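Since chain V is already given, all that's left is putting chain G with the ligands on it; use the hints.
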Amino acid sequence: MSMGTDQRDLEPSGFRLKVQEAFQLQPVLVPLYAILLSFIVGGILIALIGVNPFEAYWALLRGMFGSKDNIAASVARSVPFMGSALALAFAFRAGLFNIGAEGQLLVGGVTAAWVGTWAWMTDTPAIIAIPIILLAGAFGGFMWGWVPGILRAKTGAHEVISTIMLNSIALFLVRWIVNSRDPVILRDLEASVPRTEAISDTAELPTIIDSQPPLHWGLFVMLGVCFLIAFVLKRTTFGFETITVGTNPHAARYAGMSVDRIIILAMAISGACAGIAAASEVSGTNQLFQPGTFALIGFDGIAVALLARANPIGIIPSALLWGSLLSGAPLMQQEADVSIDVVRIIQSMVLLFVAADAIVRYIFRVRGEAEAHIKASTTGWAGQ
Amino acid sequence: MAGDDERIPVLDVRGVTKTFPGVIANEDVDLVLHEGEIHCLLGENGAGKSTLMNVVFGLYQPDKGSIRVRGEQVQFTGVGDAIDHGIGMVHQHFQLIPVFTVAENVILGNELTNGPFLDINEARRRIIELEDKYGLAVDPDAKVGDLSVGEQQRVEVIKALFREAEILILDEPTAVLTPGEVDEFFGVVRSLVDQGKSIIFITHKLREVLAVADRITVLRNGKVAGTADPSTATQKSLANLMVGREVVFQVAKGDAHPGDPVIKITGLRVEDVRGARTVNGLSVEVRAGEIFGVAGVEGNGQRELVEAVTGMRPKIGGTVEILGQDATKMSPRQITELGTGHIPEDRNKHGVVGAYSIADNLILNRYFKPPFARRWLRNEAAIASEAEELVAQFDVRTPGIHVAVDNLSGGNQQKVIVARELTGDVKALVVAQPTRGLDVGSIEFIHNAIIALRDKGVGVLLVSAELDEILSLSDRIGVLYRGRLVGTFDGADATREELGYLMATGAAPESEEAAS
Ligand SMILES: Nc1ncnc2c1ncn2[C@@H]1O[C@H](COP(=O)(O)OP(=O)(O)OP(=O)(O)O)[C@@H](O)[C@H]1O
Ligand SMILES: [Mg+2]
Numbered sequence: 007m008s009m010g011t012d013q014r015d016l017e018p019s020g021f022r023l024k025v026q027e028a029f030q031l032q033p034v035l036v037p038l039y040a041i042l043l044s045f046i047v048g049g050i051l052i053a054l055i056g057v058n059p060f061e062a063y064w065a066l067l068r069g070m071f072g073s074k075d076n077i078a079a080s081v082a083r084s085v086p087f088m089g090s091a092l093a094l095a096f097a098f099r100a101g102l103f104n105i106g107a108e109g110q111l112l113v114g115g116v117t118a119a120w121v122g123t124w125a126w127m128t129d130t131p132a133i134i135a136i137p138i139i140l141l142a143g144a145f146g147g148f149m150w151g152w153v154p155g156i157l158r159a160k161t162g163a164h165e166v167i168s169t170i171m172l173n174s175i176a177l178f179l180v181r182w183i184v185n186s187r188d189p190v191i192l193r194d195l196e197a198s199v200p201r202t203e204a205i206s207d208t209a210e211l212p213t214i215i216d217s218q219p220p221l222h223w224g225l226f227v228m229l230g231v232c233f234l235i236a237f238v239l240k241r242t243t244f245g246f247e248t249i250t251v252g253t254n255p256h257a258a259r260y261a262g263m264s265v266d267r268i269i270i271l272a273m274a275i276s277g278a279c280a281g282i283a284a285a286s287e288v289s290g291t292n293q294l295f296q297p298g299t300f301a302l303i304g305f306d307g308i309a310v311a312l313l314a315r316a317n318p319i320g321i322i323p324s325a326l327l328w329g330s331l332l333s334g335a336p337l338m339q340q341e342a343d344v345s346i347d348v349v350r351i352i353q354s355m356v357l358l359f360v361a362a363d364a365i366v367r368y369i370f371r372v373r374g375e376a377e378a379h380i381k382a383s384t385t386g387w388a389g390q
Numbered sequence: 099m100a101g102d103d104e105r106i107p108v109l110d111v112r113g114v115t116k117t118f119p120g121v122i123a124n125e126d127v128d129l130v131l132h133e134g135e136i137h138c139l140l141g142e143n144g145a146g147k148s149t150l151m152n153v154v155f156g157l158y159q160p161d162k163g164s165i166r167v168r169g170e171q172v173q174f175t176g177v178g179d180a181i182d183h184g185i186g187m188v189h190q191h192f193q194l195i196p197v198f199t200v201a202e203n204v205i206l207g208n209e210l211t212n213g214p215f216l217d218i219n220e221a222r223r224r225i226i227e228l229e230d231k232y233g234l235a236v237d238p239d240a241k242v243g244d245l246s247v248g249e250q251q252r253v254e255v256i257k258a259l260f261r262e263a264e265i266l267i268l269d270e271p272t273a274v275l276t277p278g279e280v281d282e283f284f285g286v287v288r289s290l291v292d293q294g295k296s297i298i299f300i301t302h303k304l305r306e307v308l309a310v311a312d313r314i315t316v317l318r319n320g321k322v323a324g325t326a327d328p329s330t331a332t333q334k335s336l337a338n339l340m341v342g343r344e345v346v347f348q349v350a351k352g353d354a355h356p357g358d359p360v361i362k363i364t365g366l367r368v369e370d371v372r373g374a375r376t377v378n379g380l381s382v383e384v385r386a387g388e389i390f391g392v393a394g395v396e397g398n399g400q401r402e403l404v405e406a407v408t409g410m411r412p413k414i415g416g417t418v419e420i421l422g423q424d425a426t427k428m429s430p431r432q433i434t435e436l437g438t439g440h441i442p443e444d445r446n447k448h449g450v451v452g453a454y455s456i457a458d459n460l461i462l463n464r465y466f467k468p469p470f471a472r473r474w475l476r477n478e479a480a481i482a483s484e485a486e487e488l489v490a491q492f493d494v495r496t497p498g499i500h501v502a503v504d505n506l507s508g509g510n511q512q513k514v515i516v517a518r519e520l521t522g523d524v525k526a527l528v529v530a531q532p533t534r535g536l537d538v539g540s541i542e543f544i545h546n547a548i549i550a551l552r553d554k555g556v557g558v559l560l561v562s563a564e565l566d567e568i569l570s571l572s573d574r575i576g577v578l579y580r581g582r583l584v585g586t587f588d589g590a591d592a593t594r595e596e597l598g599y600l601m602a603t604g605a606a607p608e609s610e611e612a613a614s
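Residue numbers (this note's numbering), protein chains in the order written: chain V, 7 to 390; chain G, 99 to 614.
The shape of chain V in the complex, shown without the other chains:
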């Protein structure tokens, strides 16, 4: 079989392909335009209620980044979203839709707080106590992700249903744990609101900037986790298995991969990502566990992850945007009298546009991947 030199010599190594890939703006373009579009629509909304949208946005912007403290607060608000977004993203790469971050955060958080209040922790140096509390959170989340994983693998129960149920179970469970006075489980009896006692000082993540909320070392922990997950997916054999199962489970099985094992592990690791984020909050922000602080962080994580297209590194800017918007909104409300809900609406629209990317592609003339899709369905013979 002669190699057709005339056309193959064009690209002897496929090098140019690689370069093209590296400079591909395509994947980032749609989310960026989606954000722009949402702000435009949000601006129209603000104008409709009789406020100058530029003034409102200016206030929002200053709320987000107007001072050192505001910047720190914005970043601090973003950190937990990294964990809850990873919880969706990792499972997503294995073809699973984990919407149980909410519950995984709660279980991770309560586990971390429980371990953090162990008496001997006060005598343990921070260098040991901090990893222990983080691992405890990760472990709690791991177990809470493992359950829907094993249910899916062994009984076929769909993870969407089971994670929703486990969210409710987790919510009521931790409420009971921190509420109950008889018997006292973890409740701080002195406190007027239900919460655990404060964790040992040694288990606290050091603060970087004392903003509101404080920016602490949890930032580096979660950045580290993002990079670790990216590394696992890209460079390890387990990551290869995970993505294969997520892309074509039939081929994965044919290639000898244990699909069940990977599903279980992927769900559990997803849970661990949420759990470690919860531990970082318990340890660095509140120094105790109070269920209300985690409300919606899990669900927003879904949005953050989708905006990042389930890319663990993409989650970092995506979470920063999300947290900053939430952190800046109060100033917009104060100064321009525009409700915080408008930011929520904008956020939801971003997601809507990312999901319905055809709209964005049409408006901004982003070239579609249409031809690639067509190709996928025209090679090979009829699938039987």
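If you're looking for bench data, these hints aren't it; they were derived computationally from the structure.
As the structure is a computational prediction, the values presented were derived from the model and not from experiment.
Please note that the accuracy of each hint is not assured.
[To be verified] Calculated pairs, DSS-like style, for lysine-lysine (alpha carbon to alpha carbon, straight line, at most 25 Å): (1) G:Lys231 - G:Lys162; (2) G:Lys447 - G:Lys467; (3) G:Lys467 - G:Lys351; (4) G:Lys467 - G:Lys427; (5) V:Lys160 - G:Lys447; (6) G:Lys467 - V:Lys240; (7) G:Lys351 - G:Lys554; (8) G:Lys334 - G:Lys303; (9) G:Lys427 - V:Lys160; (10) G:Lys447 - V:Lys240; (11) G:Lys362 - G:Lys241; (12) G:Lys303 - G:Lys351.
Leaving out everything else, chain G with the ligands in the frame of chain V:
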């Protein structure tokens, strides 16, 4: 028919060039289709046939060149334009929705309405009319998912005719059909032509080309290598034109020197997805250094047999021994690790991960072993160098090893699978439809590769719907009928007629009762 070029062609493609990143898929291609003719498009895997047809059908825009339909210059921006100009296409990969009925599939995208409601009755009436006119028998109310591949193909044809196609493009329609279905299919094609339709027909089977073509165009490396007249062309001359060298049709094969059994199946019983027992008490021994061919009409248990032996499907009864070990309950991974290669029947579902690069697909079943992995880490350098080597050795036509397999032509996807499964430490080989969709040159190559493995002492279980393939490769041949082997022949003695009779009737001559 060729020669009288005064007529205005129904389709006139001039100087079409279409490039993809790193690949010139079509370069300055001309193609002329006259009314009422069957024009065969031939070419190696990756020669650019599907791409050219996708350009004509409006799926791709050409970089250069012009297309005229009945003398009118056209510029299609999408499939809709092509359909409006009376062009219909049946893709290599069907585009039907399995849970819809035939009628629903046919009207999809072209809904007949009666006020706000779908007028399915009117659609049914027109479908039945078309079926009668062209001899396309399908029940309009059947669910497409329940139809055989041949029937699904007819639905695709009906779909095109329903949209009043005058020019029909058929991309490798016969690759998936059983011999009987192929005959029926040609019946349909003839009646279409008789009624004035014009057809472009892509195939790799030269016998079919010579049987039906009015004109032949051969593509090579994206360019027109030449045209041929079916009245004077031979299979050999066409193959030479396609490949650019001599092709040997009869594989050269020395005597087999069979050794110990490598695959020993005893009393195997397997159920298919619907719970029907399709393999029912099958026994066979495949010995080292021989090729055992399983012939049979599709649907007699071939798929379940292969899946059971390779650990993909549980067994209801019986045992499978591979290389002396009881593999009845082993997982696919354990069976691979014994030294078994497996070329699966369903390329896209099992064989490749389409979104993955060629390199990743080539290590899909050994990514966890050195040198491709160092403990838990992927060794990208080793993966790349393996890929470079296999791509060269198996002549996968691609601009690079990082190209996604989805972007390869159908035949080159198959070569990726074959390359993966025939290399490494194989001692037993289970092969299903290994050359489906491949060009003559690649078939020759893969056949030689399988024979070379046999000569090195590998035991091969070959399942194929191509009787010619079975006959030219096998040392022994078993006929599979309703889940059992009803006769075993020596490869050298068996004839087409004998096998065909047994495949159809299952009636075995007394003396040659089952198994070996
Ligand atoms: N969407 C695409 N992106 C990149 N390359 C492509 C794309 N589609 C086709 N190609 C390349 O163009 C060439 C021609 O492919 P095409 O599918 O037309 O071949 P073919 O003649 O139909 O082959 P086969 O007989 O195997 O189906 C191949 O080298 C293929 O890899
Ligand atoms: Mg093709």
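Which constraints among the numbered hints does this structure fail? Numbers only, ascending.
As far as the earlier hints go, 1, 3, 11 are violated by this structure, in ascending order.
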